[in-house]
Amino acid sequence: MSLSSAGAIANQSLGAISSQIGVVSRNISGVNVSGYAAKTALISTGYGGVVQIDGIARATNSALFQNSLQATAAQASSAALAAGLDQIDQALGLSSSTATDTTTSRSPAALISALSSALQSYSASPSDTAAAQSVLTSAEALVQSLNDATTAVQQVREQADGDIASSVANINSLLAQFQQVNSDIVSGSQTGRDVTDSLDKRDALLAKLSEEIGVTTVTRSSGDMVIYTDSGVTLFETTPRAVSFQPTNTYTAATVGNAVYVDGVQVTGASSPMPIHSGKLQGLTELRDVLAPQYQSQLDETARGLIVAFSETDQAVASGDSLPGLFTYPSATTTPGVGVIAGLAGQITVNANADPSRGGSLDLLRDGGISNPSDPAYTYNATGAASYSTRIQQLIAALASQQDFDAGAGLDAQQSLTSYATSSVGWLAAQRQEATAAKTYQSTLLSQTSQALSNATGVNLDDQLSKMLDLENSYQASAKLLATVDAMYTALFNAL
Amino acid sequence: MVSITSTPSLNNALRRSILDMQTQLTKAQTELATGRVADLGVSLGRGVAQDYELGLRDNDLESISQSNSVISVRLDTTQTALTSIADTAQTFLETLASAQSGAGSDAGALATSAASSLKSLIAGLNTSVGNVYLFGGINSAVAPIADYFADPPSANKQSVDQAFSSEFGMSQSDSGVDSITASQMQTFLSGAFSDLFSSPSWGSDWSSASDQALQNRISLNQTIDTSVSANDPALQKLAMAYTMVADLGAAELNDAAYQEIVAAATEAISQSISGLISLQASVGVMQQSVANANQAISVQRNVIATQIGSLENVDPYEASTRVTNLLTQIETSYTITGKIQQLTLSKYI
Numbered sequence: 001m002s003l004s005s006a007g008a009i010a011n012q013s014l015g016a017i018s019s020q021i022g023v024v025s026r027n028i029s030g031v032n033v034s035g036y037a038a039k040t041a042l043i044s045t046g047y048g049g050v051v052q053i054d055g056i057a058r059a060t061n062s063a064l065f066q067n068s069l070q071a072t073a074a075q076a077s078s079a080a081l082a083a084g085l086d087q088i089d090q091a092l093g094l095s096s097s098t099a100t101d102t103t104t105s106r107s108p109a110a111l112i113s114a115l116s117s118a119l120q121s122y123s124a125s126p127s128d129t130a131a132a133q134s135v136l137t138s139a140e141a142l143v144q145s146l147n148d149a150t151t152a153v154q155q156v157r158e159q160a161d162g163d164i165a166s167s168v169a170n171i172n173s174l175l176a177q178f179q180q181v182n183s184d185i186v187s188g189s190q191t192g193r194d195v196t197d198s199l200d201k202r203d204a205l206l207a208k209l210s211e212e213i214g215v216t217t218v219t220r221s222s223g224d225m226v227i228y229t230d231s232g233v234t235l236f237e238t239t240p241r242a243v244s245f246q247p248t249n250t251y252t253a254a255t256v257g258n259a260v261y262v263d264g265v266q267v268t269g270a271s272s273p274m275p276i277h278s279g280k281l282q283g284l285t286e287l288r289d290v291l292a293p294q295y296q297s298q299l300d301e302t303a304r305g306l307i308v309a310f311s312e313t314d315q316a317v318a319s320g321d322s323l324p325g326l327f328t329y330p331s332a333t334t335t336p337g338v339g340v341i342a343g344l345a346g347q348i349t350v351n352a353n354a355d356p357s358r359g360g361s362l363d364l365l366r367d368g369g370i371s372n373p374s375d376p377a378y379t380y381n382a383t384g385a386a387s388y389s390t391r392i393q394q395l396i397a398a399l400a401s402q403q404d405f406d407a408g409a410g411l412d413a414q415q416s417l418t419s420y421a422t423s424s425v426g427w428l429a430a431q432r433q434e435a436t437a438a439k440t441y442q443s444t445l446l447s448q449t450s451q452a453l454s455n456a457t458g459v460n461l462d463d464q465l466s467k468m469l470d471l472e473n474s475y476q477a478s479a480k481l482l483a484t485v486d487a488m489y490t491a492l493f494n495a496l
Numbered sequence: 001m002v003s004i005t006s007t008p009s010l011n012n013a014l015r016r017s018i019l020d021m022q023t024q025l026t027k028a029q030t031e032l033a034t035g036r037v038a039d040l041g042v043s044l045g046r047g048v049a050q051d052y053e054l055g056l057r058d059n060d061l062e063s064i065s066q067s068n069s070v071i072s073v074r075l076d077t078t079q080t081a082l083t084s085i086a087d088t089a090q091t092f093l094e095t096l097a098s099a100q101s102g103a104g105s106d107a108g109a110l111a112t113s114a115a116s117s118l119k120s121l122i123a124g125l126n127t128s129v130g131n132v133y134l135f136g137g138i139n140s141a142v143a144p145i146a147d148y149f150a151d152p153p154s155a156n157k158q159s160v161d162q163a164f165s166s167e168f169g170m171s172q173s174d175s176g177v178d179s180i181t182a183s184q185m186q187t188f189l190s191g192a193f194s195d196l197f198s199s200p201s202w203g204s205d206w207s208s209a210s211d212q213a214l215q216n217r218i219s220l221n222q223t224i225d226t227s228v229s230a231n232d233p234a235l236q237k238l239a240m241a242y243t244m245v246a247d248l249g250a251a252e253l254n255d256a257a258y259q260e261i262v263a264a265a266t267e268a269i270s271q272s273i274s275g276l277i278s279l280q281a282s283v284g285v286m287q288q289s290v291a292n293a294n295q296a297i298s299v300q301r302n303v304i305a306t307q308i309g310s311l312e313n314v315d316p317y318e319a320s321t322r323v324t325n326l327l328t329q330i331e332t333s334y335t336i337t338g339k340i341q342q343l344t345l346s347k348y349i
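Residue numbers (my numbering), protein chains in the order written: chain A, 1 to 496; chain B, 1 to 349.
Honestly, the hints are just simulated from the structure, not real lab data.
Ideal Cβ positions, reconstructed from N, Cα and C, are used throughout, including at glycine.
Do not take every clue at face value.
[Claimed, not checked] The following label-pair restraints were derived from C-beta to C-beta distances:
no.: 1; chain 1: B; residue 1: Ser310; chain 2: A; residue 2: Thr248; range: 42 to 48 Å
no.: 2; chain 1: B; residue 1: Thr26; chain 2: A; residue 2: Ser361; range: 51 to 57 Å
no.: 3; chain 1: A; residue 1: Thr45; chain 2: B; residue 2: Gln24; range: 53 to 59 Å
no.: 4; chain 1: A; residue 1: Leu469; chain 2: B; residue 2: Gln24; range: 39 to 45 Å
no.: 5; chain 1: A; residue 1: Ala377; chain 2: B; residue 2: Pro200; range: 25 to 31 Å
[To be verified] Anything over 12 Å on all C-beta distances counts as not near chain B; from chain A, calculated:
no.: 6; residue: Ala10
no.: 7; residue: Asp89
no.: 8; residue: Ser121
no.: 9; residue: Ser319
no.: 10; residue: Val338
no.: 11; residue: Ala407
no.: 12; residue: Arg432
So that you can see chain A by itself, here it is in the shape it has in the complex (with noise of 0.2 Å):
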């Protein structure tokens, strides 16, 4: 050892301690971006004694890299979900309104009661013209519900198709900036380069891609990724794979969506092979497919439950034909019977036959006929009688009486109409509370695993600046001994 090897050594370590500090400043100016992982510089002594930089470290943990992928997902379903039925809920004003006071709930069941209130009141005094007139009034407040319902309904479900298309034309440019990145890792590695802040990147691109569905990756020895949904279809390996989804724009009761192909293999909806479990694909899916045409379902057939019991059947004849009477829909024959008629709830109208402002007449509420006012069979007040109350009384019980519903619907198929509209509000109250508790534990469990994933990876501003006191001192020793060796040489000159 020579005082200019010494000299030489101080040298080498002024610079690694300079980079040091440059690892120090990158994590400091890192410290609140999501998703930086610290780093840290390899250094180790080389070949005489002189100390070298081989390279950055990046913390990583890739167990909690997983979990946070995977409760991202959870968690993105999970809200989607909740999003699409707190909607229908709000449409219907179920969860702002209590039991007793109808009045500002907008529900089928609310409505309906509502009626069997302005009947009986009816049935009180058959020949009050305003006693008729709010029947009427009850019987359109109720026909507009259903009708809102539906457009609601529909409309749920024709946003989550925008939404769909919208996460499938994201995970597409994703996978596309994923592919640039992982090449670049790729060669990096290959040839020794400081990849570190790639690596950053492409773990920030597979967090935004787990959002929207839910993704498992392998990587390879050369540092290249490969991403399959959480079914395992391939989304991307080498090059990204084509996530493809054809939108529809309008939709009705009867419209069916289309589903999300990845790679030619269908990922949602019941017929798929590989179905995917999370991500918000799973949770729009699911409320487009699922959830919303089930309580469109259970509006159809209360609408039906609504035409059958207010039906009229003729009186000339011992089990006569029926036909719809105060309740009906464009281009009914008859009464339907059984099973679900997609849309009816949009389509159900109040005869024109019974309405004032629309040629009908108020009398017929009482008297029956509206079903066909020319033809008397169907006239239950064979006498005319102004307080015949028999017809109305036959309609309040109508309305508490056992009917047939399709078990198709999700409820009890044998019920009446009043227990079959509140079972379709307890139906609908008992998803979204599940929705929302699922989306509430999710919630936490990814706040708890990002949150384990940050300590595990994330930078102290605290430490960073103790390391930087510790390299500030390492460099004026460092300094301080090429002082002196350049001291002593100037000893020696000057002694010479």
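Given the structure of chain A, go ahead and fit chain B onto it with the hints provided.
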């Protein structure tokens, strides 16, 4: 490797907990202010169906009790009308009794009294409440009994006149009526005259009331008749008794025929009074049924209100304690957040 907390995770943890508590605070405040759960669907889930069923049943009971008050008014008015008809009948019966004993009876005065009693009977039977003629049955839009004293003469008056003239060949005001014998009068009274006061003549001349009574639902499972008809035999007999005394020329008849009329009228009114008593009793039963139903309804509504309360209500003390605790927690979080922000090494370098 020592496990550390990264700076962003420390900051985020505090931030997230403050946001969480603020959300809970909003919810707790709503519950405290309204006394009910903030979000019905999320709190009850499937139980919302039961909650709504209770609420709908309560609405039903409320509307029934409202219609019951309308029915009570009608029944009370009916009962009042029947009472006054019965009282008039009783008074007239006493007048007839004194006429029968022959003690200073004035046929003309009796006929006038009969006429005014008939007028009050017709007015009583034509009582209406709110455009509903109480004694008309379901045909409540028209006054049930035709006005006997209308000008031009109505069908009932004309039929009586016609029956009289076809029986005796003269009108009631003819001077020859005193030649009518007692047996002729008796034949007339029990024959053609009494036919006028039973169906089908009653229905075509006197009454446009329907035999079908008003029917109303007075509780969830009970539907009863809520009116009596003007076609009741007691009322027919009463009308017959008044008419025979008022309008068969009683003032000019000979004494035997006159006594025949008085006897027949007395018989008819006695039968009518016992019929009226049972009519009043049946109206009384209707009134009692409605009163009982109303009582049962108010009990049921109280029970339902309690059940709904157990599902929807929030204990106000618990809610206010929650609000206070949350406020304290939020304040503590703010203080800690502020202090932690100050704890950075850069201040000490």
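These are the hints, each one checked on the structure:
no., hint, in the structure
1, B:Ser310 with A:Thr248: 42 to 48 Å, "holds, 46 Å"
2, B:Thr26 with A:Ser361: 51 to 57 Å, "holds, 52 Å"
3, A:Thr45 with B:Gln24: 53 to 59 Å, "holds, 56 Å"
4, A:Leu469 with B:Gln24: 39 to 45 Å, "holds, 42 Å"
5, A:Ala377 with B:Pro200: 25 to 31 Å, "holds, 27 Å"
6, Ala10, "holds, 25 Å"
7, Asp89, "violated, 6 Å"
8, Ser121, "violated, 6 Å"
9, Ser319, "holds, 24 Å"
10, Val338, "holds, 22 Å"
11, Ala407, "holds, 17 Å"
12, Arg432, "violated, 5 Å"
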